[in-house]
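Chains A, H and E: place on chain Z using the hints.
4 protein chains.
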Amino acid sequence: MIVNMSDKATEKEIAHIIERIREAGYTPHVTRGVERAIVAAVGNGRRHEIEALQVAPGVDNVMAIAQPFKLVSRQVKPEGTVVNVGGVAIGGPGVVVIAGPCSVESREQLFSTAEAIAKAGARVLRGGAFKPRSSPYSFQGHGEDALKLLREAGEKFKLLVISEVMEISQIPMMLPYVDILQLGARNMQNFNLLRELGKVRKPVLVKRGIAATFEELLLSAEYIMAGGNYDVILCERGIRTFETYTRNTMDISAIPIIHKLSHLPMTADPSHGTGRRDKVAPMARASVAAGADALLIEVHCDPNKAWSDGAQSLFPEQFAKLMDELRMIAPAVGRKVA
Amino acid sequence: MIVNMSDKATEKEIAHIIERIREAGYTPHVTRGVERAIVAAVGNGRRHEIEALQVAPGVDNVMAIAQPFKLVSRQVKPEGTVVNVGGVAIGGPGVVVIAGPCSVESREQLFSTAEAIAKAGARVLRGGAFKPRSSPYSFQGHGEDALKLLREAGEKFKLLVISEVMEISQIPMMLPYVDILQLGARNMQNFNLLRELGKVRKPVLVKRGIAATFEELLLSAEYIMAGGNYDVILCERGIRTFETYTRNTMDISAIPIIHKLSHLPMTADPSHGTGRRDKVAPMARASVAAGADALLIEVHCDPNKAWSDGAQSLFPEQFAKLMDELRMIAPAVGRKVA
Amino acid sequence: MIVNMSDKATEKEIAHIIERIREAGYTPHVTRGVERAIVAAVGNGRRHEIEALQVAPGVDNVMAIAQPFKLVSRQVKPEGTVVNVGGVAIGGPGVVVIAGPCSVESREQLFSTAEAIAKAGARVLRGGAFKPRSSPYSFQGHGEDALKLLREAGEKFKLLVISEVMEISQIPMMLPYVDILQLGARNMQNFNLLRELGKVRKPVLVKRGIAATFEELLLSAEYIMAGGNYDVILCERGIRTFETYTRNTMDISAIPIIHKLSHLPMTADPSHGTGRRDKVAPMARASVAAGADALLIEVHCDPNKAWSDGAQSLFPEQFAKLMDELRMIAPAVGRKVA
Amino acid sequence: MIVNMSDKATEKEIAHIIERIREAGYTPHVTRGVERAIVAAVGNGRRHEIEALQVAPGVDNVMAIAQPFKLVSRQVKPEGTVVNVGGVAIGGPGVVVIAGPCSVESREQLFSTAEAIAKAGARVLRGGAFKPRSSPYSFQGHGEDALKLLREAGEKFKLLVISEVMEISQIPMMLPYVDILQLGARNMQNFNLLRELGKVRKPVLVKRGIAATFEELLLSAEYIMAGGNYDVILCERGIRTFETYTRNTMDISAIPIIHKLSHLPMTADPSHGTGRRDKVAPMARASVAAGADALLIEVHCDPNKAWSDGAQSLFPEQFAKLMDELRMIAPAVGRKVA
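Protein chains in written order, with the numbering used here: chain Z, 11 to 348; chain A, 11 to 348; chain H, 11 to 348; chain E, 11 to 348.
Bear in mind the hints are in silico, worked out from the structure with no lab data behind them. Hints may contain errors.
Copies of the same chain look alike in the list, so a pair counts if it works inside one copy or between any two.
To be verified - Straight-line C-alpha distance at most 30 Å; calculated DSSO-like pairs for lysine-lysine:
no. : residue 1 : residue 2
1   : LYS346    : LYS331
2   : LYS270    : LYS158
3   : LYS22     : LYS270
4   : LYS270    : LYS315
5   : LYS22     : LYS331
Just chain Z, same shape as in the assembly (with noise of 0.2 Å):
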């Protein structure tokens, strides 16, 4: 931590600034400069009680200089994480492609769309059973009936599955019929269901929330490996903007930056990201282009029926076109479509 002192601060404030760093178990370094001094708190300490100093009279304003996250580090583990998976392997050479609807409709629609999606080249298969739907009007997922559904379509057209959890309570419930749980961006910050996720066994997908800072998306993900679960997937899936043209903004930048900062397969959601079908292609091939380690993308078999996000899953044969854009622009990046 460091204390930027004001180039008006006295002696006396710094002094006491010195003296405060060192009640807090730090210990003082001082940088005179012409115009001000630094104060440099060495060690390790009570973080807070130097966070507060940024009101204190003569400080301008308080710097952190460590990062607050560790085990997701790309410092601790250079090499990068491969979350392997019912023989899929995310964040190795191969670009890995989950697909399937919004949210498991009925047996038919879930079937026609996974057969589809596997023809294409899809591995893992999507669908919500639990909806988080901001109004409580809205349908809210047909619960188990739906994953029942999912590992069935899943084992019969050798897909994996993953699907999103919402609460505590689901967790035990949800564990033998998916392969990977997936943490939406309205969960990002709940802490609690973080911490039970890191004493579960499979791998998590973490979306990023809306509003979520690259560090506070790594913290989140912390949360989950200080419990022991080290199998984490990131994911951007779109950022809340000025802009309203979209229903996000989808932060493709996310992807090399992440790949920067810590050592975990990152993966790209362009059908959140845009929410508009004819924008999910370009940002599917954008992602891929970027480094992306896999995709999610929505696929309905009549995505004008869909009983949610219709307007941004893809028909199958929109599908099965972008994964031969994709095939096409892996290899300029050093990847293939797995």
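Only chains A, H and E this time, still in chain Z's reference frame:
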């Protein structure tokens, strides 16, 4: 719902939209302008099928007409809700001040702070027992022990008690200790928790998420009211913007806007809204001038030693001075400090 | 400037940074912590060369210590600037109210509005002669004719005159007509225009850009002061956020923050800050409660017929009522309405 | 325009709106739903009078139907514009790469950089002569001397030349030296400058402002086209969001969205879009994969010594490698590098 056709839309495309609107259970009404047609979907049908038309051929965009919330709307209860709890009326002519430390650290800290705020005129004691911390390595709260201390301090100094609930399983444990349950900004869209809070028969104060629109805040309140709990209080506590000088940008306009859209009481939290002690008083005054029904203010008997949020906690004497200022401002909006 | 080394930085990388800091004209000071080193660049050197080190090997990030602005800083003039113009003091004990229509439409409209605001207690008349309109097809203002009317109305009703300048070539033409030049939010970083305004010897009111940080606002004022014009007034008029219910999100916290960082008077424009007539009064009251030195308020004798900004203009009787409320609030912050 | 009445609106309020719509020169069309009425204003009237109805009694909100831009719209020219300049076609099958230093510093710096980019396959040389710097104390550019060097380097290495114009008075001086005029993000809504650029008969590249919506970007282009200059090129260069790790958040989705809304060529600037050298290549690749017609990339022969933007400038060898990657990606979208 209104489907706004492109000015290049063909008659066939318009006819297709009309048919799709009918299929979705609505009655279509076409208005033809000089350059383009609009098709209104009148009645009650499957809204998601109309939303999906935004990417249909010949369509420019789809616009919702009706507000998606009902029970929280000012239109169903023009006179405004007053939440009465333990002799305190929130939403009435008195401006209620809620104060206390960010987290309960010790009996001494809590009782010393509670005594000071009661003397200065606060009516409700706040204090965190469970802390939503972005890092797994930060202090996470003293749990039930903290709640016991809050109850005891509340009774001693004649203050009601409010504390934050983070997880469904905490609700039954907390109910005996608190008068008002607080739902934090990060849990504003934890829909499972919202549903459980709808079953409770104590008031719930819902904080606006850092990236939540007014509509989303009201929909979260709608979840609770739809469950049968009508004592909901809303709270502005700062939103995330590009500006980083303050922790958040406190949106004072939320106060008159929520008052227009909803009958629920609207409160303001200038401590989290700014994150800096020296900005709390100006923003508290501004909130009352803008019509806030209540204020949440962090006060600590020794902010420099606070375990969390020290930089934004007021010293007791600052709080007392602020209360005097608020007493001068309230009459300008036809109120008094409760 | 501080260069924060990675905790994996090698001795060679640290030595390289030290050398680069020396080359850039600074003296390097190294502080070694338990996990990492920081290197401060002390003195006066080529700042851009240090900034470029943020992507050098072994570097985590580079942090600026000194504020980049000088003349506008509160540190050079702790007592605060009072801009005296035509018998009105902005920044003194009186809160100055500036009011008038968005654009000058006709003699009748302007004089009728001016008479009403003067009677209610405003001291300065605002009115647009050149309008910055996002569409080339919207009304662009009456130009010099509008300025003549403003001057005439100002003299008749004993009001000072403020109007917006959009282009360097307009400055000499405007000077005889106006007492204060207004720089609009969209031109806050029109650096050529700022430089020319530095040569003028009339006060300039600088509006914060819709995405401008406090630092950027102050740097724009610095351009004007660096040119020798010390009568600069700052103004908050709303920033762009994700919320679309209001035209902008008015950042009331800008008032106390600018007052802390700078000695310049700080004003607030609740009309553009909200874009909705029914929100202007609450936000005007909030601004005064937060310490604003002046207010800019759009008033129109017949807002329903206004050629621009009709939805945010007050009716004259609403303005008079607001002035009464402000007279009640000002004493709470040790002020009165001027 | 559509006026959306509240579900509590009285018949009298509806009648009032109908009358006001008629007074504003439109024909009113009423559609009555189960819960509420909407009134469409059909024809051509005074739009601002309808906009002002948003705060009229009984009105929930007012929605615009028609896009406010005309000449830039894809609907008037479905086939797309190709800007042909000096043998280079922007908007055609070839992806055009524009490269060069942020600012022209010296003959050696410029020629060395120009030679490297020409060899690697760039077609246009960029370089700043006038620099829009947020601080008045930063390097402001070499002016006309820089333009002369650009012209000379362009001719020597067979590169077209682009440079930024900041002020109306610079236009005639710049025209002999440059092939394309660049309008910077901070001037995107400098409407007087836009109008003058409409009179020029050379292409203008318009950068999106950091807080500009797509609609605002297109309206700025509309200003230029309305003046008779049809050779307008648009550019995404990053928007301002809450995330501060990067200088801006580059909005790759702007590329397919602008391509849908407008016939104008769309380019991308990953250097300003990210502000960090190590993120430029991934974002450049992503831009081409998303369909960009051209790229602007900062390259410097010695970035560590750059007078501005050093951290985001590529080394020449990094640029050459990137060009090879782009040549692999372009065919996936049916393009090649020009």
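Verification of the supplied hints:
no.: 1; hint: LYS346 x LYS331; in the structure: both (16 Å within a copy, 20 Å between copies)
no.: 2; hint: LYS270 x LYS158; in the structure: neither (38 Å within a copy, 41 Å between copies)
no.: 3; hint: LYS22 x LYS270; in the structure: between (42 Å within a copy, 21 Å between copies)
no.: 4; hint: LYS270 x LYS315; in the structure: between (41 Å within a copy, 25 Å between copies)
no.: 5; hint: LYS22 x LYS331; in the structure: between (70 Å within a copy, 27 Å between copies)
Violated hint: 2 only; the structure is consistent with all others.
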